[in-house]
Amino acid sequence: MTWGFVVKGESMIDEELVQLLTPEGQRVAHPDYESTLDGEAIFALYRDMVIVRRLCNESTSLQRQGQLALWAPIQGQEAAQIGAGRALQPMDFTFPTYREHGIAWCRGVPAQDVLRMFRAVSNGGWDPQKYRHSVPTVVLGNQALHAVGYAMGIQRDGAEEAVMTFFGDGASSQGDTLESFVWAASFNAPVVFFCQNNQWGISTPSSLQSKVPLYRRAQGFGFSGVRVDGNDVLAVYEVTKKALDNARVGGGPTLIEAYTYRMGAHTTSDDPTRYRIDAEVEVWKHRDPVERVKALLVHEYQAKGAAFDAVAHEAETMALQLREDVLAMGRPDPITMFDHAYASEHALIEEGRREMLELGISGGVH
Amino acid sequence: MSQEIFLLPDVGEGLVEAEIVTWKVREGDVVTLNQPLVDIETAKATVELPSPYAGTVTKLHGDVGDVMHVHEPLITFDVGTASGDATPATSQHTAIVASDTEAPAGEGREAVLVGYGVANEDGLATRTHRRRGVTSTPLATISSASTPVSTPPTSLAPRSTPPVRLYAKQHGVDIESLTGSGRDGLITRDDVERALRADAPQDVSVTASVGSRGALNTSRFVGRDIESWATGPAEERIPVKGVLRSMSEAMVQSAFSAPHAVVWMRVDASATMELVAGLKTRPHTQGLRLSPLVIVALGLCDAARNFPGINSSFDAAAGEVIVRRSVNLGIAADTPRGLIVPNIKGADALNLIDMAKALNVLVEKARQGTTTPNEMIGTTLTITNVGPFGVDAAMPILPPGTGAILAIGKIAKAPWVHDDEIVVRHVVELALAFDHRQIDGALASRVLAHVGNFLNNPGVYLLAG
Numbered sequence: 001m002t003w004g005f006v007v008k009g010e011s012m013i014d015e016e017l018v019q020l021l022t023p024e025g026q027r028v029a030h031p032d033y034e035s036t037l038d039g040e041a042i043f044a045l046y047r048d049m050v051i052v053r054r055l056c057n058e059s060t061s062l063q064r065q066g067q068l069a070l071w072a073p074i075q076g077q078e079a080a081q082i083g084a085g086r087a088l089q090p091m092d093f094t095f096p097t098y099r100e101h102g103i104a105w106c107r108g109v110p111a112q113d114v115l116r117m118f119r120a121v122s123n124g125g126w127d128p129q130k131y132r133h134s135v136p137t138v139v140l141g142n143q144a145l146h147a148v149g150y151a152m153g154i155q156r157d158g159a160e161e162a163v164m165t166f167f168g169d170g171a172s173s174q175g176d177t178l179e180s181f182v183w184a185a186s187f188n189a190p191v192v193f194f195c196q197n198n199q200w201g202i203s204t205p206s207s208l209q210s211k212v213p214l215y216r217r218a219q220g221f222g223f224s225g226v227r228v229d230g231n232d233v234l235a236v237y238e239v240t241k242k243a244l245d246n247a248r249v250g251g252g253p254t255l256i257e258a259y260t261y262r263m264g265a266h267t268t269s270d271d272p273t274r275y276r277i278d279a280e281v282e283v284w285k286h287r288d289p290v291e292r293v294k295a296l297l298v299h300e301y302q303a304k305g306a307a308f309d310a311v312a313h314e315a316e317t318m319a320l321q322l323r324e325d326v327l328a329m330g331r332p333d334p335i336t337m338f339d340h341a342y343a344s345e346h347a348l349i350e351e352g353r354r355e356m357l358e359l360g361i362s363g364g365v366h
Numbered sequence: 001m002s003q004e005i006f007l008l009p010d011v012g013e014g015l016v017e018a019e020i021v022t023w024k025v026r027e028g029d030v031v032t033l034n035q036p037l038v039d040i041e042t043a044k045a046t047v048e049l050p051s052p053y054a055g056t057v058t059k060l061h062g063d064v065g066d067v068m069h070v071h072e073p074l075i076t077f078d079v080g081t082a083s084g085d086a087t088p089a090t091s092q093h094t095a096i097v098a099s100d101t102e103a104p105a106g107e108g109r110e111a112v113l114v115g116y117g118v119a120n121e122d123g124l125a126t127r128t129h130r131r132r133g134v135t136s137t138p139l140a141t142i143s144s145a146s147t148p149v150s151t152p153p154t155s156l157a158p159r160s161t162p163p164v165r166l167y168a169k170q171h172g173v174d175i176e177s178l179t180g181s182g183r184d185g186l187i188t189r190d191d192v193e194r195a196l197r198a199d200a201p202q203d204v205s206v207t208a209s210v211g212s213r214g215a216l217n218t219s220r221f222v223g224r225d226i227e228s229w230a231t232g233p234a235e236e237r238i239p240v241k242g243v244l245r246s247m248s249e250a251m252v253q254s255a256f257s258a259p260h261a262v263v264w265m266r267v268d269a270s271a272t273m274e275l276v277a278g279l280k281t282r283p284h285t286q287g288l289r290l291s292p293l294v295i296v297a298l299g300l301c302d303a304a305r306n307f308p309g310i311n312s313s314f315d316a317a318a319g320e321v322i323v324r325r326s327v328n329l330g331i332a333a334d335t336p337r338g339l340i341v342p343n344i345k346g347a348d349a350l351n352l353i354d355m356a357k358a359l360n361v362l363v364e365k366a367r368q369g370t371t372t373p374n375e376m377i378g379t380t381l382t383i384t385n386v387g388p389f390g391v392d393a394a395m396p397i398l399p400p401g402t403g404a405i406l407a408i409g410k411i412a413k414a415p416w417v418h419d420d421e422i423v424v425r426h427v428v429e430l431a432l433a434f435d436h437r438q439i440d441g442a443l444a445s446r447v448l449a450h451v452g453n454f455l456n457n458p459g460v461y462l463l464a465g
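Note that the protein sequences, when read in sequence, are chains A and B. First residue of the first sequence: 1, per the working numbering; consecutive thereafter. First residue of the second sequence: 1, per the working numbering; consecutive thereafter.
Incorrect hints may have been included.
Here are the simulated EDC-like pairs of lysine to aspartate or glutamate, each with C-alpha atoms no more than 16 Å apart in a straight line [stated by the list, open to error]:
{"#": "1", "chain 1": "B", "residue 1": "Lys-241", "chain 2": "B", "residue 2": "Glu-27"}
{"#": "2", "chain 1": "B", "residue 1": "Lys-44", "chain 2": "A", "residue 2": "Glu-161"}
{"#": "3", "chain 1": "A", "residue 1": "Lys-294", "chain 2": "A", "residue 2": "Asp-32"}
{"#": "4", "chain 1": "B", "residue 1": "Lys-365", "chain 2": "A", "residue 2": "Glu-40"}
{"#": "5", "chain 1": "A", "residue 1": "Lys-242", "chain 2": "A", "residue 2": "Asp-92"}
{"#": "6", "chain 1": "B", "residue 1": "Lys-357", "chain 2": "A", "residue 2": "Asp-32"}
{"#": "7", "chain 1": "B", "residue 1": "Lys-24", "chain 2": "B", "residue 2": "Glu-13"}
{"#": "8", "chain 1": "A", "residue 1": "Lys-241", "chain 2": "A", "residue 2": "Asp-32"}
{"#": "9", "chain 1": "B", "residue 1": "Lys-59", "chain 2": "B", "residue 2": "Glu-17"}
{"#": "10", "chain 1": "B", "residue 1": "Lys-24", "chain 2": "B", "residue 2": "Asp-10"}
{"#": "11", "chain 1": "B", "residue 1": "Lys-357", "chain 2": "A", "residue 2": "Glu-40"}
{"#": "12", "chain 1": "B", "residue 1": "Lys-59", "chain 2": "B", "residue 2": "Glu-72"}
So the derived list for chain B, only partly shown, Cβ under 8 Å to chain A, looks like this [what the hints assert, rightly or not]:
{"#": "13", "residue": "Leu-7"}
{"#": "14", "residue": "Asp-10"}
{"#": "15", "residue": "Val-11"}
{"#": "16", "residue": "Asn-34"}
{"#": "17", "residue": "Pro-52"}
{"#": "18", "residue": "Arg-367"}
{"#": "19", "residue": "Gly-369"}
{"#": "20", "residue": "Thr-370"}
These are calculated hints, taken from the structure and not from any lab test. The beta carbon of each residue, even a glycine, is placed where N, CA and C say it ideally should be.
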């Protein structure tokens, strides 16, 4: 039993934390970064965040109603994902984990496709090449290796593209992640490692598995690391854009630690009240990523209630559309599970497929 | 109209069952899509289930404490449509949203599906009328004398639902005397409960008792409604589940491992009453429920600071006594679910205002049934307040793993020797039960005397420490 409760992230004051917008919605200056976005662009980021939050809420409800097997909520991490997602260029490639619904949104993946895997009707959900966004890697940290491999491919093609991969503070402890740091540094690969430090690896606090701030790890591998206020969408956008630009022109990898907080459960199978205290969540409520942008839009750009209402309305419409789309999803023919196991034909897979057909286990329910 | 049954889903990847912790709706309630319905506890987590339908709850298939199997019926809804087709609440989203702003009369029903807008209420009300066969006659004009022969007998009674009628009957409330606050004057369970509260005696200001159903309710037992003496069976067996199971296991564990002893004293709490009354007049305490319990809580924490040994527990397995220099102050709360003991973490560090706020939050969450498991673990000292029930004192049993529990009786005017004269003062009886394995009578007495002095001179203790 835990007796000494400590509020995680209480000492967020960090001189190296890049922040351009305070939780109160006030702009602050930073020596290395300056916001380049106009009011319209900032409003677009606000809209993105409201929509992905609403879609996420609907997805949680769908899981609680037995319509999804599992869901990993993003509440609290909207700015980290939208800021990073909107800093990407169309031809950049991204390798997500299972909580990057905001990135998927920015890449243009239809919301319902994001839910296919969680409804267990698809092993992935979309064509990675079409959206330049890989399917979610559930194995922790594995996608960092995929990303570095892809980035090395870009180098060999001589293309001016960058790769970004996403993982959390928990996965930062994985061997795969750390090995990918070594390879990225050794080959100066055009990759951005985007770590969302949401303070909790399921029930393990970030402070326990990382005795130095995560972004400082990069230095030991030989590339630069930066800690950004992950709840400040303006700062995340600028920091990510600079890192991607740097990667595209041969500047090598960057580790970005987006310092944020997972407001909800790890997944719908988790109960965070068992391991963290309400006071901690209360502290982070005051750092909400959406509210600070709204405050900025009101006092600096005179945005009106009607504009915000329109976004809320749009988000509501999308949530209901998502619900309808999910409920209408048919069950796949079991035989399709062999379809994308390998890119080309494979003797063992063919044998499995043939056996299944012979057993008569086929036929989808639509 | 049509019926939809919500089956208990597997909310945690391979679970087979879940226990009902709290119902957030009642039979007869009209719910919106995604409105919270129930808290269930699985092997992995306590989670809230949102409604998959918009409609009327017609049946709850289990009681609090029941363990339900996954894919068993949990709730039946009437998601009625005029055409009788079983349209899920989820399907007509375009129309739903359109009606939010436009509210076209012809599409009123769709608006009901997400529960906002004006047209939706009309749509539902129309359907309700049709079901009752009283299409448009205002209720007030119907009397037993003038009832048309063709009107079904049900329209004689005030409009309500069968479960609410039963509830009113069980609690001795004359449903005919009530004015309905629901749609079209429908008498809801809330209306019955309001009537019960109005009949109940005024709450004493010192109270941690929450969710009281009033004096007429004599049938609340182990967190459930039981039938009255007259109507119930001669013998009834109630399964030991949920909060009842927690309470029984905790009490047996404590009573037969910790040897209990008790010290008690009567205290002149007049200064405490004056202090609380004075505080209530200050502008920065407005909106805050202030009661002598706040001062008792501060007094007990102050006693722990002065005598840390009282804030201890006996770890028999380790052969050690654990002294803790932080108080997690448990408050025994009588809730609709039964007795629970949520605690205020780090209560010794709180000033008067923060203590009052923390108690307000604790009581409110207990009342609403939103207390989390985390808030019920780690208690080090406990207060149980039996005063609101009108009794003078109690000999409480320790929550397992704690060193002491303080019982407060009612604060009442009584003759008291004050400045060598017999005068009327506010007097309260305090009793401190303690684990005699590590705490002896001398320490317990000093602690209790400290609390008593604190209540006697709260100003001095609060200002001078």
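Do the hints match the structure? See the list:
1. Lys-241/B to Glu-27/B: 22 Å, violated
2. Lys-44/B to Glu-161/A: With a Cα-Cα distance of about 44 Å, the restraint between Lys-44/B and Glu-161/A is violated, given a limit of 16 Å.
3. Lys-294/A to Asp-32/A: Between Lys-294/A and Asp-32/A the Cα gap is close to 25 Å, so the pair fails against 16 Å, i.e. violated.
4. Lys-365/B to Glu-40/A: Given pair Lys-365/B, Glu-40/A is violated - Cα atoms ~42 Å apart, limit 16 Å.
5. Lys-242/A to Asp-92/A: 14 Å, holds
6. Lys-357/B to Asp-32/A: With a Cα-Cα distance of about 43 Å, the restraint between Lys-357/B and Asp-32/A is violated, given a limit of 16 Å.
7. Lys-24/B to Glu-13/B: 24 Å, violated
8. Lys-241/A to Asp-32/A: 13 Å, holds
9. Lys-59/B to Glu-17/B: Violated: Lys-59/B and Glu-17/B sit about 20 Å apart, past 16 Å.
10. Lys-24/B to Asp-10/B: 19 Å, violated
11. Lys-357/B to Glu-40/A: 42 Å, violated
12. Lys-59/B to Glu-72/B: Roughly 13 Å between the alpha carbons, so the hint for Lys-59/B and Glu-72/B holds.
13. Leu-7: 7 Å, holds
14. Asp-10: Holds - the Cβ of Asp-10/B comes within 8 Å of chain A, reaching about 7 Å at its closest.
15. Val-11: Nearest chain A Cβ about 6 Å off; hint holds.
16. Asn-34: 5 Å, holds
17. Pro-52: Because about 4 Å separates Pro-52/B from the closest Cβ in chain A, which is inside the 8 Å limit, the hint holds.
18. Arg-367: Where the cut-off is 8 Å and the nearest Cβ of chain A is about 17 Å from Arg-367/B, the hint is violated.
19. Gly-369: 14 Å, violated
20. Thr-370: 10 Å, violated
Hint violations for this structure: numbers 1, 2, 3, 4, 6, 7, 9, 10, 11, 18, 19, 20, all remaining hints satisfied.
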